[in-house]
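S.K.: Taken in order, these protein sequences are the chains called E and R. The first sequence stops at residue 260 when you use the numbering used here, and every number in between is there. The second sequence stops at residue 235 when you use the numbering used here, and every number in between is there.
Source of the hints: derived by calculation from the structure; they are not laboratory data. Note that the Cβ used here is the ideal one computed from N, Cα and C, for glycine as well. Incorrect hints may appear among the rest.
[To be verified] EDC-like, lysine to aspartate or glutamate: derived pairs with alpha carbons at most 16 Å apart: (1) R:K68 <-> E:E71; (2) R:K171 <-> R:D194; (3) R:K173 <-> R:D146; (4) R:K171 <-> R:D144; (5) R:K215 <-> R:D201; (6) E:K3 <-> R:E92; (7) R:K207 <-> R:D21; (8) R:K132 <-> E:E71; (9) R:K207 <-> R:E70; (10) E:K84 <-> E:D259; (11) R:K55 <-> R:D21; (12) R:K67 <-> E:D259; (13) R:K175 <-> R:D146; (14) E:K84 <-> R:E191; (15) R:K214 <-> R:E191; (16) R:K123 <-> R:E92; (17) R:K55 <-> E:D259; (18) E:K6 <-> R:E107; (19) R:K67 <-> R:D57; (20) R:K117 <-> R:E107; (21) R:K26 <-> R:E191; (22) E:K85 <-> R:E70; (23) R:K103 <-> R:D146; (24) R:K203 <-> R:D21.
[Said to hold, decoys possible] From the structure, some residues in chain E lie toward chain R, with a derived Cβ separation under 7 Å: (25) D11; (26) E71; (27) F72; (28) P80; (29) D182.
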Amino acid sequence: MLKILKYSFYDLMRSRWSYVYFLFYLLLGFVLLFLNNDVNKAVITLMNIIIVLTPLIGTIFGVMYYYNSKEFTELLLAQPINRKKIFMGQYVGISLSLTLSLVLGLGIPFILYGLFKSTAIFNFTLLLIVGSFLNFIFVALSYNIALSTENKIKGFGYAILMWLFLAVIYDGVFLISLVMFDEYPLDKFSLIATMLNPIDLSRILILLKLDISALLGYTGAVFRKFFGTNFGMLISMSILVLWVIFPIFRMNRKLKRKDF
Amino acid sequence: MIQFKNIHKRFGKLTVLDGLDLDIKKGGIFAILGPNGSGKTTLIKCLLGMVIPNKGDITFEGKSVLKKWEYRNNLNYLPQIANFPPNLTVIELINMVKNLRPKSSNEQELIQLFGLKSFLNKKLGNLSGGTKQKVNLVLTFMFDSDLIILDEPTTGLDPISLIHLKELIQKEKEKGKTILITTHIMSFVNEVADEIVFLLDGKIYFKGSIDELKKQTNNNNLEHAIANLISKQYA
């Protein structure tokens, strides 16, 4: 598996897009710090971008890589390598190279700006951890879609729809249901609904660690009580891990029966 | 050496292999023939573990191959369409495949034979179809394995390379290897094949030597004899 990982990683590192992605984050980091003049504020703005953008890039990269390397994968399948290892190697290769672009692209400007002397270091680290998780989650989800869809165009469509659903539509439905069922106790419902969407979960997780949760009002208090504690943090992190494990599990199950 | 036992494979509603039985002995060149869409590639991919049969069992050197992968170390496969990662150079690809297979290889000799020396540092995306096929052949023949599977090996090759390919196949045969070939070029079959396996309607329709086939169809020309077999499908 390590050999496949190495080659996928090199292959991606050589492609132009990894650099574009890296340079984008680098530029973003510098611009935000320049405009905000404050590491703490920059982290908040950054969160809003990361939470929508990393899933989108992860989804597109995952689907694109799968369909583009299809013939090459077939070449590998005829070699004495376990099927599972080929795909796990590719998956980890993509996720790692994306994560590297994210961490380096944002890390460099923040370190240059004096991150280590700032109080925001913990929040910033959390942001990078959550961003990395989102990379791993959405590459896995998009690989699942690509494995199940023979047609490239359809696969691309489904993957983008999945991202749109989790990043935008889910929130809309969630808000509407909160308004509709206004008269019922909704704490549990909103907690669980947040857990079921990795993007929402990441957002809440970071918001509550930043000192702006007072803005969230009553619901914020409920969330704060849950997520703000170490226990809540542990639970949410485990759920993010589950969001990685479950798609990988399904990927391997699908692989056992797939024809190439 | 290879046994297919009652292999069934369906893709959706389309039945490709329908209770196929085939026994291939060690040593010699076997041509797998059949009309378009008769399941030649599917049969080969079943053996390689790329396509998983709905029913039946395949054994290679006495052991079942289903859900296994180690056995692939003892076979070489030439895929039908050679599409490689366009970012890699020829030499990088060769080194990579070598790296994946812990086996000695003689790629230098083959690079020389097919005149690929000047292409080694070119990216695969910039090569012509015939050159890609030559790279494909190098990757297939550079390892020493008991079984060699060639899916349409002649595609895009120039006459000189074709002669080299035939010599290569004969040389491997003399070493006592088993070679499976699918092709539509009958003159190629006539020249190299020891035995013919003819697929029709997902089953083995004929298996035997070229002479037996000619006798059975009352035809002295192999091309016509095969056409005779295929025409039965259209009748």
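S.K.: Run every hint past the structure and note whether it holds.
M.R.: Going through the hints against the structure:
1. R:K68 <-> E:E71: violated (21 Å)
2. R:K171 <-> R:D194: holds (14 Å)
3. R:K173 <-> R:D146: Within the cut-off at roughly 10 Å; holds.
4. R:K171 <-> R:D144: OK: K171 of chain R and D144 of chain R at ~12 Å, within 16 Å.
5. R:K215 <-> R:D201: violated (22 Å)
6. E:K3 <-> R:E92: With Cα atoms ~14 Å apart, K3 of chain E and E92 of chain R stay inside 16 Å; holds.
7. R:K207 <-> R:D21: With Cα atoms ~11 Å apart, K207 of chain R and D21 of chain R stay inside 16 Å; holds.
8. R:K132 <-> E:E71: holds (13 Å)
9. R:K207 <-> R:E70: violated (29 Å)
10. E:K84 <-> E:D259: holds (13 Å)
11. R:K55 <-> R:D21: Holds. K55 of chain R to D21 of chain R sits at ~12 Å (cutoff 16 Å).
12. R:K67 <-> E:D259: holds (12 Å)
13. R:K175 <-> R:D146: holds (9 Å)
14. E:K84 <-> R:E191: violated (41 Å)
15. R:K214 <-> R:E191: With a Cα-Cα distance of about 15 Å, the restraint between K214 of chain R and E191 of chain R holds, given a limit of 16 Å.
16. R:K123 <-> R:E92: It holds: about 9 Å lies between the C-alpha atoms, which stays within 16 Å.
17. R:K55 <-> E:D259: Between K55 of chain R and D259 of chain E the Cα gap is close to 14 Å, so the pair holds against 16 Å.
18. E:K6 <-> R:E107: Distance ~23 Å between K6 of chain E and E107 of chain R Cα, so the pair is violated.
19. R:K67 <-> R:D57: Between K67 of chain R and D57 of chain R the Cα gap is close to 11 Å, so the pair holds against 16 Å.
20. R:K117 <-> R:E107: holds (11 Å)
21. R:K26 <-> R:E191: violated (20 Å)
22. E:K85 <-> R:E70: holds (13 Å)
23. R:K103 <-> R:D146: holds (13 Å)
24. R:K203 <-> R:D21: Judged against 16 Å, a Cα distance of about 7 Å means the pair holds.
25. D11: Given a least distance of 6 Å, the restraint on D11 of chain E holds.
26. E71: holds (3 Å)
27. F72: Holds: closest Cβ of chain R sits about 5 Å from F72 of chain E, inside 7 Å.
28. P80: Cβ of P80 of chain E sits 4 Å from chain R, so the hint holds.
29. D182: violated (49 Å)
The structure fails hints 1, 5, 9, 14, 18, 21 and 29 (numbered hints given earlier, in ascending order).
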